[in-house]
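Q: Sequence:
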Amino acid sequence: MGPTRREMLALMAGLGLAGCARSDDRPKIGFIVKQPEEQWFQSEWFHADRAGAEHGFTVIKIGAPDGDRVLSAIDTLAAKNALGFVICTPDPKLGPAIRQSAAMWGLKVMSVDDRLIGPDGDPIESIPHVGISALNIGTMAGQVIAREAAGRGWDLASGEVGLLRLAFDSLQTGLERTQGGRDALIAAGLPASAVYDAPQRTTDTEGGFTAANPVLTRMGAIRKWAIIGMNDEAVLGGVRAAEGLGLSRSDIIGVGIGGSGSATAEFSKANPTGFFASILLSPKRHGYDTALALYRWGEAGEAPAPLVYTDGLEMTRDNWQALLAEQNA
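Here the sequence shown is numbered in the working numbering, starting from 1 and rising by one per residue.
Hints are computed from structural coordinates only; laboratory data are not their basis. Since this is a predicted model, take the numbers as computed values, not measurements. Some hints here could point you the wrong way.
[Stated by the list, open to error] Dumping the calculated DSS-like pairs for lysine-lysine here, alpha-carbon to alpha-carbon at most 25 Å:
hint, residue 1, residue 2
1, 61, 93
2, 224, 269
3, 269, 34
4, 61, 284
5, 34, 80
6, 34, 61
7, 34, 93
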């Protein structure tokens with residue numbers, strides 16, 4: 001019988017055939033993400049590389065959009081003698097398999113963005129996690145809308161204001177973000193009956209527009225709209241639909257989530273639109289801090305905090321350039 005996969009990988013590592021052991025003797029960690037083409041993950045990798053450059057370790061960046069590639073990536077990192085890896089998994093239910101594979105190779109593991117789930121459906125508490133509280137981020141978006149509505153003299157309780165909730169409830173993060181925004185506005189005085197759900201099929205701008213248009217058309221008597229969604233693109237689609245029905249920017253308060261290129265493009269326009277603000281998430285903390293924590297754990301035995309949730313920052317036309325410069329500093 002031939003050698004096992006583990007024996008083959010161990011032999012490769014010993015011979016230095018698996019990677020850059022000869023050209024880079026610095027300690028190595030892995031950083032595995034589910035959608036490497038997305039700007040968020042590109043930014044996480046950028047900041048992870050910065051951590052490595054500043055603290056003397058190498059980051060091996062791997063895209064793994066499915067379970068098979070995740071397990072293959074872990075094998076690759078083991079063959080490269082990595083200390084461990086940070087992972088944003090394509091499926092949180094892969095948690096047991098990821099934990100088992102990491103344990104087999106003696107690799108440290110941290111999760112980022114999406115928390116790993118055990119066989120009982122609960123988070124795996126033994127794996128440190130850095131994430132975003134979707135509910136808190138959504139609540140912040142709702143609070144920004146409530147404050148701006150008050151500044152414009154809108155009476156949320158009057159029945160003249162509607163909340164368009166662009167809903168992507170099949171994704172837990174999307175559900176929690178929009179629930180947080182809705183509940184914040186209800187707490188500020190908006191009647192629950194003034195909340196109108198617009199289910200999305202896709203989470204892009206087109207999906208937001210397609211979901212919003214029939215709801216706004218049906219509720220044409222309402223001429224002041226707050227708009228929330230799971231991301232900037234969904235909210236931007238809702239704003240475009242409202243504009244298409246003749247509402248001016250003074251009648252629309254759209255607050256997105258993400259601080260994406262879609263948001264900054266909107267803020268860069270000469271004239272303000274109904275897209276009022278975005279809640280900027282921090283890939284810097286999710287990339288730099290997790291990479292450094294994993295390295296210190298593997299190299300010096302300094303265990304990271306078991307659970308960290310990062311906050312968002314309100315980003316508007318007035319401050320977006322300064323905020324992004326700070327995040328990239």
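Q: Each hint needs a verdict: does it hold in this structure or not?
A: Status of the hints after comparison with the structure:
no., hint, result
1, 61 to 93, "holds, 22 Å"
2, 224 to 269, "holds, 22 Å"
3, 269 to 34, "violated, 32 Å"
4, 61 to 284, "holds, 16 Å"
5, 34 to 80, "holds, 20 Å"
6, 34 to 61, "holds, 11 Å"
7, 34 to 93, "holds, 13 Å"
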